[in-house]
Amino acid sequence: MTAYEKLKTVRQNGRPTAADYIENLFSNRVRLCGDRRFGEDSAIEAGIGLLGDTPVTYIAIEKGKDVTQRIKNNFGCPKPEGYRKALRLMKQAEKFRRPVICLVDTLGAYCGMEAEERGQGQAIAESIMEMSALRTPTISIVIGEGGSGGALALCTADTVYMLENACYSVISPEGCASIIWKDSTRAPDAADALRITAADMKNFGVADVVFDENFDNFKGMCKTISAQLKKDVDRLTSMPDSAILQARYDRFRKFGIYEEGGVLHGTDL
Amino acid sequence: MIFPFKTRTDATVSCGFCKEPLTEKQLLSGGYICPHCGGLLKMPPRVRIESIVDKNSFSELYSDLKSVDFLDFPGYSEKLEKARAATGNEDAVVCGRAEIDGYPCMIFVMDTRFIMASMGSVVGEKIARTFELAARRGLPVIGFTASGGARMQEGIISLMQMAKTSAAVKKHSERGLLYVTVVTNPTTGGVTASFAMQGDIILAEPNALVGFAGRRVVEQTTKQRLPDNFQSAEFLMEHGFIDNIVPRRDMKKTLSAILRLHNTEAGK
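Line by line, the protein sequences give chains G and W. Counted the way this note's numbering counts, the first sequence spans residues 204 to 472. Counted the way this note's numbering counts, the second sequence spans residues 8 to 275.
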């Protein structure tokens, strides 16, 4: 499949959404709502549950299963209150030393007038900044589309997984094509130029683990993901806070390809 | 709105707001404020820095970092070449150490003449280094933001700059150090959604456009007519996202007062 075909695949209705992964990965769940500031954004589905025997906080972008839910969830484009709810629950997880597991599937943060009025940029900026220094282990899984800042707000994590066909990009290929060629139908070319696939992310070091997709055996696939989560949660919880924070800082600090004094930096990513 | 002035071949320019002609001399002596309509014109970074910091106190850092077209992205190499020629700079931000009324600080100023001051590896690296050095030296950071957002020509690596810079801002903040943002026209996208909105104090220039999504994108998404002042600094201040709107002529005075209140070395 080409990069754009992969993106089309993960955007299709009928593919498992975050709710299906939550159902299979976490037991004894308690759902949590609201940002305690303005409202509740159902595009962010969140709560506490057990990963094996370990209590974890899960924060997921849920596109919705049917038309009604999809409209209610803004097709998985969170509003500022969604990001503030996510941040509230991250801080709560930090208080109780619970690992945070984020599931990401979004075209991007919602681009509406009220989102701007309520500080979409500020909400994302704060989420990224606080997540970068959260004193508890963080793992993010891109299960579908990782759309720009709206995805990064939940992906500034210790380790990032992606599904085989999942994509992660700074801009949608359609948006990119209409900027470069004034022609959004050239999105497939833009998708190639941007390098958006899980395999590309693995090469860049943006993703650490890529899971094969096998929706005929969805439970089995979730078992594989669960085993990896447990392994990483165990590894991270055995580290002192300072070591986790340093490793997370270094993980993002290394991104950058540039020339300095005639020497090329960052290509060993 | 986005391109406040265009350079003409005869070295005179026209105001991007009222279109009246101006000379370079008028621009410089008038602080890049249009004498005809009062519009705030784009200030080149070094002119901005001179207008803020004490004479001869600025020492530039990291000026030799160069962007690389590592994805072989359509048109990027040409864009870089053109922007370098137009600005005489290697990229879209100027960083360094300076003093304001004797108070030492780190300062960075973004330059929209350089590919709309989009943030790629070089901008991200320079901003991160600025905060890291400030943290080591115990210095406050003053940042003048302006940007079209992340630099898509660097793909996912440009998105990662948002995380890299945010983490550096946080580290600096955890040392109890001050970060003042001055958002200038236009500050949008990935820069709004990272270090532009992370200041302890956020100031803005009058009428500056500040937002996350572009106006056209919002209109297309919502099919709504937007108010004229949508995403202006005044609009953001009304909604609680900006501390103060500061006219250009008061900027140095305001920054100096803030630095004094934060007990920097010279203030002790």
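Incorrect hints may appear among the rest.
Under 7 Å between C-beta atoms, here's a sample of chain G residues computed to sit facing chain W [to be verified]:
1) E320
2) A328
3) N417
4) I460
5) Y461
Everything labelled a hint here was simulated from the structure, so no lab data went into it. Positions of the beta carbon are idealized from the N, C-alpha and C atoms, including for glycine.
Each hint, compared with the structure:
Of the supplied interface hints, the one on E320 (chain G) holds, with its beta-carbon coming within about 5 Å of a beta-carbon of chain W, less than 7 Å. Below 7 Å, beta-carbon pairs count as interface contacts, and A328 (chain G) has one with chain W at about 4 Å; its hint therefore holds. Interface hint at N417 (chain G): violated, since its Cβ lies 26 Å from the closest Cβ of chain W, which is beyond the 7 Å cut-off. Contact between I460 (chain G) and chain W, as hinted, is supported at the beta carbon level, the nearest pair being about 5 Å apart and thus within 7 Å.
For Y461 (chain G), the shortest C-beta to C-beta distance to chain W is roughly 4 Å, which falls under 7 Å, so the interface hint holds.
Of the numbered hints given earlier, the model fails hint 3 alone.
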